[in-house]
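Work out the full structure: start from the sequences and follow the hints.
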Amino acid sequence: MNQHPYRTRLAAACAAATGLLLAACTSPSSMEPPQVDVPTPLPAGIVFDADVTASVPDDSCDPLSSYSPGTVTAEQARATLDNPDVVSIGVSQSTNLMGYADPVTNKLTGFDIDIATAVVQALMGDATKVKWVPMTSGERESALNEDRVDMVVRTMSITCDRWEKIEFSTEYYKAGQRLLVTKDAGIESVTDLTADHHVCTGETSTSGGNIAAVNDQVKQVTVPDFNDCLVLLQQGTVDAISTDDTILAGMAAQDPTLVIVGETFSVESYGIGFQKDNTDLARFVNGALEDIAAGPTWQAAYDEWLKVPLGGAEAADRTVQYRD
Amino acid sequence: MQAPSEAPAGPPATGASPGRRFDRAVAALRYTPGQLRGLLAILTVLVLGAGITGMTSILAKSAVIEETTSQSGRLSVAALQLYQALSQADATAASSYLTGGTPTKEMNEAYRSSLRDATVALATAAGEVKSGDDAKLVAELNAHLPVYTGLVETAKAFNRLGEPVGATYQEQASTLMREAMLPRAHELQENALGQLAESRAGAEAFPWAAAALVAAALGTLVWAQIWLSRKTNRVFNLGLVGATVVLVVFAGWLTMAAIASAGHTTKSHEEGAQPLELLAQAEITAQLARAEESLLLIARGDEPGAAKRYEEHIQELVGPGGLLDQLDESFGDDPELAPSVEAARAAAETWNAGHDSVVQTAAEGDYLGAVAEAVGDHEDSLATSFGALNEALTEATKTSADRFAESTVDAQQALTGAAAGLAGLALAALVGIAIGIQLRVAEYYA
Chain L
1 MNQHPYRTRL AAACAAATGL LLAACTSPSS MEPPQVDVPT PLPAGIVFDA DVTASVPDDS
61 CDPLSSYSPG TVTAEQARAT LDNPDVVSIG VSQSTNLMGY ADPVTNKLTG FDIDIATAVV
121 QALMGDATKV KWVPMTSGER ESALNEDRVD MVVRTMSITC DRWEKIEFST EYYKAGQRLL
181 VTKDAGIESV TDLTADHHVC TGETSTSGGN IAAVNDQVKQ VTVPDFNDCL VLLQQGTVDA
241 ISTDDTILAG MAAQDPTLVI VGETFSVESY GIGFQKDNTD LARFVNGALE DIAAGPTWQA
301 AYDEWLKVPL GGAEAADRTV QYRD
Chain F
1 MQAPSEAPAG PPATGASPGR RFDRAVAALR YTPGQLRGLL AILTVLVLGA GITGMTSILA
61 KSAVIEETTS QSGRLSVAAL QLYQALSQAD ATAASSYLTG GTPTKEMNEA YRSSLRDATV
121 ALATAAGEVK SGDDAKLVAE LNAHLPVYTG LVETAKAFNR LGEPVGATYQ EQASTLMREA
181 MLPRAHELQE NALGQLAESR AGAEAFPWAA AALVAAALGT LVWAQIWLSR KTNRVFNLGL
241 VGATVVLVVF AGWLTMAAIA SAGHTTKSHE EGAQPLELLA QAEITAQLAR AEESLLLIAR
301 GDEPGAAKRY EEHIQELVGP GGLLDQLDES FGDDPELAPS VEAARAAAET WNAGHDSVVQ
361 TAAEGDYLGA VAEAVGDHED SLATSFGALN EALTEATKTS ADRFAESTVD AQQALTGAAA
421 GLAGLALAAL VGIAIGIQLR VAEYYA
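Going down the list, the protein sequences come from chains L and F. FYI, in our numbering the residues of the first sequence are 1 to 324. FYI, in our numbering the residues of the second sequence are 1 to 446.
Quick partial rundown of chain L residues pointing at chain F, CB under 7 Å, derived from the structure: (1) Pro-34; (2) Val-36; (3) Pro-39; (4) Gln-93; (5) Asn-96; (6) Ala-101; (7) Asn-106; (8) Pro-134; (9) Thr-136; (10) Asn-227; (11) Leu-230.
No lab work stands behind these hints: they were computed from the structure. C-beta atoms are modelled at their ideal positions from N, C-alpha and C, and glycine is treated no differently.
Right, dumping it as structure tokens:
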């Protein structure tokens, strides 16, 4: 009879011990292994399948006609500057081969810079009397109108729209829109792009509209900064990049597996921008550009920066027209 | 209680069945020895219950304190370290990029150690996650980290070659960090802190179940002694009196330990954990701002978002009602922490003022000058004031961590031995009860 209470106690103790053990060993219930994808790195603000409307040629004006040099002297031109001792010029510092701040030398380098330096030499008589103002392409017109710079030399196409807000020089370089692709892609021109291809352009540029005008099949991908396009092409996210051949040249120069293909399918005439109504400066610079094109400077700049990726071009290829 | 009455005829008992056994037990309760055994069973259950719940609640408190103090191995700590390490890795990678492919030894070391911290924290977190959501976050972060480091290394290689596309790779790495990785690390941290708050509430709670059981056991024991003394005309039963004394001690110890440890836990949270969280937040925010500052220069003005994000982060740090203000408000009159917080504010303000000058220098076309101001190691560089800010925050973190550790040691000391002691007391009470009752039962068979 004595054993009963004992057994009861034993049972209770066992139950207690089991309870303790259970409490101690409670583990997360077996979890399914989570489903995870390795991410594809994408730039901020990228848009796939961007809705782009084909651009229509604007013939509301004759954009390439600027002011004839006439008899404006350097002194008269300097008088139009905010500071007659220093000319301030808006440039790019992030466009390889055109306007790029070399992080090793801290010098601005590129075709635009060489042309601008030659203009400074003619205007100021001293190529160092210049203040370079780096800016993004979106700031070009406002920087002039808000009087932050006297001129802009930054891969700026002369268009009728822009003539409304600023003055232009004559064309100093005739660029055109082409394609950048990988060498073995089998893409020879813009018409080879199919609905299965993705082509990358800058979100604010007119490049997308120009593509849509000649190929409405290809899918367009836009990014806020066209430099992102190069990374997307190297990563295989897009099949081609399309923008001005000068900019494509700056990308092709960084990667030997890439090549610029096809004919140009839109002409981009680069001009130097001035503040509205500052026609004296425009006239003087047009005269200076004639000298620069006639002398060795233009060709030397072209040969140094653009000849290898783009092939031959000459100063004589520029269109020079005057409206008066 | 009433005396046991005449035993009625038991139910017809043929064949062993559970019903029959139960009936026999019920029948036995009508006699005094049976009643005594029943009493023993009830007291055993009550005392064992009180002992077990008291012990487990003390052990659980101890575990939570362990969880909140130990500097490694816990999800909340791992998640915070992960967040810190990732933001530091990105800030370091971005400012290293600006050195043109030849970062200093210190920069390389800082990048590598932040990556090491991040991977260790991820591995720890992977072992500690308790929900499917958290497991997914950890797995996703694991998938992102090698992609991030790949982008950083590609950027480095192009940077060394002097190719501008390196900048774009660095920007993409920062974008991946900012838009995919840091939000996940933050979510993991929030989840872990939520779980911690829950278990802290548990640690601070009074062990009511154990207290109720011990009260019931005491009540039963006292009633049993009165009943027995009436029945046997003996005033004291030594076993039961001993058990009563032991149980009173048990109740006292349980109450004291619970109240003391709850007090220490609250104190360690308010004086240690809260400033630690705030300081970590400040450190992370500073790293985020620093990364955006470097990005601004890397993108050469082509990334307007970076300027905006820098402004947001720096305002969160030094702005009115920002993190430094919150630290000031809570610890401005704390003699140990106040100097560090003050130093951090001074450094952050110097840094922010210098930032504007760097942006100005860059806008005026002196790119290399701006870079030198930002990442150079001279006295006026942003790197120097950013370093001073970090140092001040680290100093304050160390002070609060020490304090946190101290008060949790106090909390644990209040619990030291309590679990074992309570278990021992419960067993002693059981032995006393058993002896006391068995002696009386034996008298019936003498």
